[in-house]
Amino acid sequence: MRPILMKGHERPLTFLKYNRDGDLLFSCAKDHTPTVWFADNGERLGTYRGHNGAVWSCDVSRDSLRLVTASADQTAKLWNVQTGAQLFSFNFGSPARSVDFSVGDKLAVITTDPFMELSSAIHVKRIAKDPSEQIGESVLVIKGPQGRINRAVWGPLNKTIISAGEDAVIRIWDSETGKLLEESDKENGHRKTITSLCKSADGSHFLTGSLDKSAKLWDIRSLTLIKTYVTERPVNAVAMSPLLDHVVLGGGQDASAVTTTDHRAGKFEAKFFDKILQEEIGGVKGHFGPINALAFNPDGKSFSSGGEDGYVRLHHFDADYFNIKI
Amino acid sequence: MHIVGQPNKLRWGELEEDDPEDLDFLLPPSMEIGPDENGIKRQIDYKFNDDGHKVKITTTTRVRKLANAHLSKRAVERRSWRKFGDAVHEDVGSRLTMVSTEEILLERPMHPGSKPEETKVAGDSLAQLVKGGAVLMVCRTCGKKGDHWTSRCPYKDLASPTDAIADKPAASEMASAAAGKGGTYVPPGLRAGADRTGIDVRRRNEENSVRVANLSEDTREPDLQELFGTLVSLPVLMWPSIRERA
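Those protein sequence lines, which keep their order, are chains A and B. Numbering-wise (full-length UniProt numbering), the first sequence opens with residue 1 and increments by one. Numbering-wise (full-length UniProt numbering), the second sequence opens with residue 1 and increments by one.
Take the hints with a grain of salt, since some may be wrong.
[To be verified] Now the in silico label distances, taken between C-beta atoms and shown as ranges:
| id | chain 1 | residue 1 | chain 2 | residue 2 | range |
| --- | --- | --- | --- | --- | --- |
| 1 | B | Lys-41 | A | Asp-320 | 25 to 31 Å |
| 2 | A | Asp-318 | B | His-89 | 31 to 37 Å |
| 3 | A | Arg-62 | B | Leu-27 | 53 to 59 Å |
| 4 | B | Glu-102 | A | Glu-43 | 17 to 23 Å |
| 5 | A | Gly-93 | B | Ser-80 | 38 to 44 Å |
Since the hints were made in silico from the structure, they are not lab data. We treat Cβ as the ideally placed atom computed from N, Cα and C, and that holds for glycine.
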């Protein structure tokens, strides 16, 4: 396949997100400016100007009209997707890290980092249909995990919130009371910081990637460990194909391998695994730096990866991808 | 009847003879050769350049379909949205979005112990090709390759190819031992038994190398370059350690 290279960001990529229809791709990077691209040919549509710090993640509403972004400048902002205008800014006392719209786009869960005396927290905000009526107060604030919370997403039917972060423990919280419902096992859980989390297309299971060079598949209701995928590199980003039973892991370079001279440039790869057999199917090379973001198009026929090199690589699969057999 | 001072003026009387040279001021019509089976389209235009000469311009384009985009109605609307933010002043040559020049494949992992495709030893490669059911093409000049006939051999100018071939099968076994024989430092990642993630080049060197023994002690690099320059474009020369005989 011929990947499309998009160099719109001058700093490393942090997050990629497709909209529900799969025609727009939103990219966040450390360069303060989230960008939106057309997902078929990679043409840039526009940029959202307003943040003063690295943008860590974003989410787009189902109708592709609203975008929410979380940034290190201690705000999370609501944008009009079409015009790029900033609709609202949620202010926090510490950098905002992860953001996720609920099913129905009426609520959003935003996590904030520990900063000075503040511990990390999970905030739930109500999103008003009319942006002029938007208020900044949180409906619910959950505190408890030690260390940074790298990702928090909504569980089935918005009844729960799932969080994962630096302490390598996955937690399920009740979204109305804030009570802790489940915690992942210490023995078969991750050993190091969980960097990324991806829900399945039907929302029944999710995948977490960690710096301990593995990714794990969990049941979303009971938090039972279903599968484990092992790689040679710390995992920075994970994605699941909505069409086939494939899991993609993207990562960095182990510190001990840095000084070994290797003449091949562009060797950082996104590794494909069979979801059920846990075996490696192959890798897609090309990035010049560790891969920090991965996203599958909802139609499952293309995927994109964002790297430390500032490039977004958009891949449309060849016909033989769909015929891979182990 | 010609009027002096107006040499270019055409008279209808002269035009009537079907004289093609006098119609130099007319350009042939532009042609478009439609997309052929490779999707290549050629557009041929004619125009006058600044010196007044007729110029033929051939533009060759290839339209390549990268993907099918099935867009929903809303998505089609979004396609016509106006650019905003930093994209407003985007000129056509902004080069933000480019199609990669390299073809990237989903590389299947190799099982440890199997040989990579390109590094084959003489006799084995031919046997493997036969097993694969492919047409067995043997070149008489280089003998080891199985992908071209003699008349198309890229190594046509070999002086004594048969000698080199005779050496190869015997040399291949010894070549594999050549790795550590050099007095050079081998980094931990490349030593035998190390965790190999980037050793393709090294392996290729070992398996395609020829051991030449019994050379004069005065032999230096330029001599070897001269001797083997015709065989190999960029020989990587590895010197064995000098062992003192008692």
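In ascending order, which of the hints set out earlier in this document are inconsistent with the structure?
-> When the structure is compared with the hints, none of them turns out to be violated.
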